[in-house]
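Sequences listed follow chains Z and X, in order.
By our numbering, the letter at position 189 of the first sequence is numbered 189, and the numbering carries on one by one without gaps.
Each number in our numbering comes from the position in the second sequence (counting from 1) with 594 added on.
Treat the hints with care, since some could be wrong.
[As the list claims (entries may be wrong)] Computed from the model, here is a short list of chain X residues facing chain Z with C-beta under 7 Å:
id, residue
1, Met-645
2, Leu-646
3, Leu-654
4, Asp-657
5, Gln-664
6, Pro-732
[Unchecked claim] Below, a list of computed lysine to any residue pairs in the SDA-like style, where the Cα atoms sit at most 25 Å apart:
id, chain 1, residue 1, chain 2, residue 2
7, Z, Lys-558, Z, Ser-32
8, Z, Lys-558, Z, Ala-576
9, Z, Lys-558, X, Ala-626
10, Z, Lys-558, X, Pro-625
11, Z, Lys-455, Z, Gln-515
12, Z, Lys-455, Z, Glu-530
Keep in mind that the hints were calculated from the coordinates and are not lab data.
No residue lacks a Cβ here, since even glycine has one placed at the ideal position from N, Cα and C.
Residues per chain are reported as follows:
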Amino acid sequence: MADVTEDAIDDVIDDAVPPAEVPDVELPHAHSWITKYVFCQDAKVIAVQYSMTAMAIGLVALVLSWLMRLQLGFPDSLSVINAEQYYQYITMHGMIMVIYLLTALFLGGFGNYLIPLMVGARDMVFPWVNMLSYWVYLLAVLILVASFFVPGGATGAGWTLYPPQAILSGTPGSGWGIILMLVSLIVFIIGFTMGGLNYVVTVLQARARGMTLMRMPLTIWGIFTASVLALLAFPALFVGAVMMLFDHLLGTSFFMPAIVNMGQQLSHDGGSPILFQHLFWFFGHPEVYIVALPAFGIVSDLIATHARRNIFGYRMMVWAIVIIGGLSFIVWAHHMYVSGMDPAFGFFFAVTTLIIAVPTALKVYNWVLTLWRGDIHFTVPMLFALGFIVTFVNGGMTGLFLGNAVVDVPLSDTMFVVAHFHMVMGVAPILVIFGAIYHWYPKITGRMLNNALGKFHFWVTFVGSYAIFLPLHYLGLMGVPRRYFEIGDMSVVPPSAATLNEVVSIIAFVVGFAQMVFLFNLVWSLRKGEPAGSNPWRATTLEWQTPQTPPGHGNWGKELPVVHRWAYDYSVPGAAEDYLPQNLPPSRVRAAAE
Amino acid sequence: MNLFRQLTEKPWEAAHGPDGVLARPRRFDVPAATVALRVFLCVVTVLFSLMLVAYAERMLYEDWRPTPRQWLLWFNTSFLVFSSIALQWASVSLRRGRVSDARDGLVLAGIFSVAFLLGQLWAWRQLSAMILFDITNPAIAFFFMITALHGLHLLGGLVAWGRTTVEVWREPLPERAALHVRLCATYWHFLLGLWLVLFTLLFSGNDNLTWLLVICGLR
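Could you put the whole structure together from the sequences, leaning on the hints where they help?
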């Protein structure tokens, strides 16, 4: 009897929770179809809106890439686009993919869905501002799309929008096209700032009881740090866009030097084009990590869950995310080695660039060590996570080439650069996005995605991406330049390059087709998918412990969850199950074990 | 809350096995709106810092021509100082339960802020009418852009000020209204500080521009 009493006391001590520090919030409930599905303040609905818009505009960018590949693969036989359109398509493809798809999907999509659920909050702290953030984002997308239809078409300045050529006549879309692009970027940044403030403050202020910072899943660490990065980096693009708009519309000379255009002396005088490059890349390089850090976080969670192992070196992983985020602000000029910078500057930026490989490599080692002797389940999310690790390492290795100023100079503006950034910033994060969708779709819809279609999607996408981009590295090493409408008879380029380009183009269409299969799977599984239950992956994190699947408005029913452990208690010795949810009280763990 | 202590703790050691112990949860001991405002002010600081650095970098060129001096800016600065003081007065009054004084403070702050914005518009007009005016002069272009963005931030602040004033005018919930007025005051103090930096370094006289270069590490 005495033992029982002691056990009971132990249970009370173990399960004791401190008083709530965050009072429960009053949610703005929807009263009509419009406020429930259109102007909705629920972060989950906003997440779906963000994701669908991002995927829709991403599809446009995918089609643009097909058109470019048609031109590059079959320049003589299929003249579907002219040079002007080609430049417009590469510009829009790049900008859409980087900003309007990847940034929006990772932060607006996954950020909105996962932050409140994974930290145990009812919603974002400012739901109305959150809703506004989506509608401003949609406005930015619409402005961007409108630029296809204005006189002169969309801008063809290249996704980096370098002045002076971006606003000079002769560049496609130098009239309304570039204006709408700049306005769209400004609007996007305003919208993102609203969302970003929400993500950061929700993580800091609305965590459930017991959810200390070092108990947060790495997904949240990745999204949180990326949001901070974006809040601090986007102002550089904002300033650059405003200044270029002034140059174009008001005739100022921030970036425009004294210049003769088409035989005519322009009124601009004394501007500095290099200044724009600094501003652009001060944003542009952190942007790589704005996309990569959420991917790092999500992959960590996918690997831990599907290998049934606690993440190796959790604290190291958190610090690596934070350090990578910090370092990403002092490497930007490695994008500008050929702009004529002081060699001492080049040396500094080459060193910082190589240093950033240290925390990144550390993360890769930790993922591999997490997998080591794990109970690996080759589910579709796991396949995508593994694909990401391999691809990110490959992309990172070519980054070592380009990060060195001396090696970068001959490779600059070749297909090698295109191949590098597509591997590291295109394929790798997209693989994570797919993995994350396969992982969380059951929670969002209550149904599983079709497994066979998922595996088909993975293998075609993964193998296909390598079949596309490995040859592009080779073409780049041969000296094939990027941004060329057609190569023609270049002495440095052997005829076999044309054959290789044909093959790459055909594979690109096949990989594109696989994405249609994925979209079909998304729609088909909504109704026909296998019912998922509340926690099909037997995961520990809070989003899988909601009383309803899909989670209802407010996420948690009457009581907010209380967190008793970190997010990675998989295969704990002595426990009855091979996973311990974060909100499972210790007394129940002990009772189950006995 | 000690952020560093949170980042160095090892919760998994305490909760290692099935017999886990709940770690003490901590959060920032300030309202969410205050944290949001602080984060936003960081973003605005980065925005204007980048413009300052860009300004400094452009100054290094040989053809640099500074903006002409404008005495009007001194008056405008004083308006912004008064509006900031008035908001602080409103905030302190509300905390002490003097709702009537708080209302006066808010109204005065609004009037001075609008006066500041009108003064800035007048300064634009004055500059455009000068014989030295040349839009391709980067110093002048910077002046227009920086003052426009600063003014837009103040306009945004006036939206929050309007909502807060209405709230205080109706039946204010003491804590909520006090928080909102305090946030408005913080924002105004920040915009005042920002303006003083911009005005001192960029627009008050050529001698101070050297300071900017030193601060930016360019000289």
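ask   = Does the alpha-carbon distance linking Z:Lys-558 and Z:Ser-32 stay inside the 25 Å limit?
value = 23 Å, holds
Margin query: Z:Lys-558 and X:Pro-625 were given as a pair; does the straight-line alpha-carbon distance stay at or below 25 Å?
Written below: 23 Å, holds
| Interface hint for X:Leu-654, Cβ within 7 Å of any Cβ on chain Z | 10 Å, violated
(Q) For a C-alpha distance cap of 25 Å, please report whether Z:Lys-455 and Z:Gln-515 respect it. (A) Roughly 12 Å between the alpha carbons, so the hint for Z:Lys-455 and Z:Gln-515 holds.
Legend entry - Proposed interface contact between X:Met-645 and chain Z, which counts if any beta carbon pair is under 7 Å: OK, holds: X:Met-645 within 7 Å of chain Z, min 6 Å.
| message | Given a cut of 7 Å on the nearest C-beta pair, is the interface hint for X:Pro-732 held or broken against chain Z? | response | Status holds, d = 6 Å.
_Need the status of pair Z:Lys-455, Z:Glu-530: alpha-carbon distance at most 25 Å?_
16 Å, holds
Hint check: 7 Å Cβ-Cβ cutoff, X:Asp-657 to chain Z:
5 Å, holds
For the hint on X:Leu-646, just tell me whether its beta-carbon gets within less than 7 Å of chain Z.
Because about 10 Å separates X:Leu-646 from the closest Cβ in chain Z, which is outside the 7 Å limit, the hint is violated.
Are Z:Lys-558 and X:Ala-626 close enough, with their CA atoms no more than 25 Å apart? 22 Å, holds
Margin query: With the threshold set at 25 Å, check whether the alpha-carbon distance from Z:Lys-558 to Z:Ala-576 stays at or below it.
Written below: Measuring from Cα to Cα gives roughly 28 Å; hence the hint is violated.
For the hint on X:Gln-664, does the least C-beta distance to chain Z fall short of 7 Å? 19 Å, violated
The structure does not agree with the numbered hints 2, 3, 5, 8 stated previously, though it agrees with the rest.
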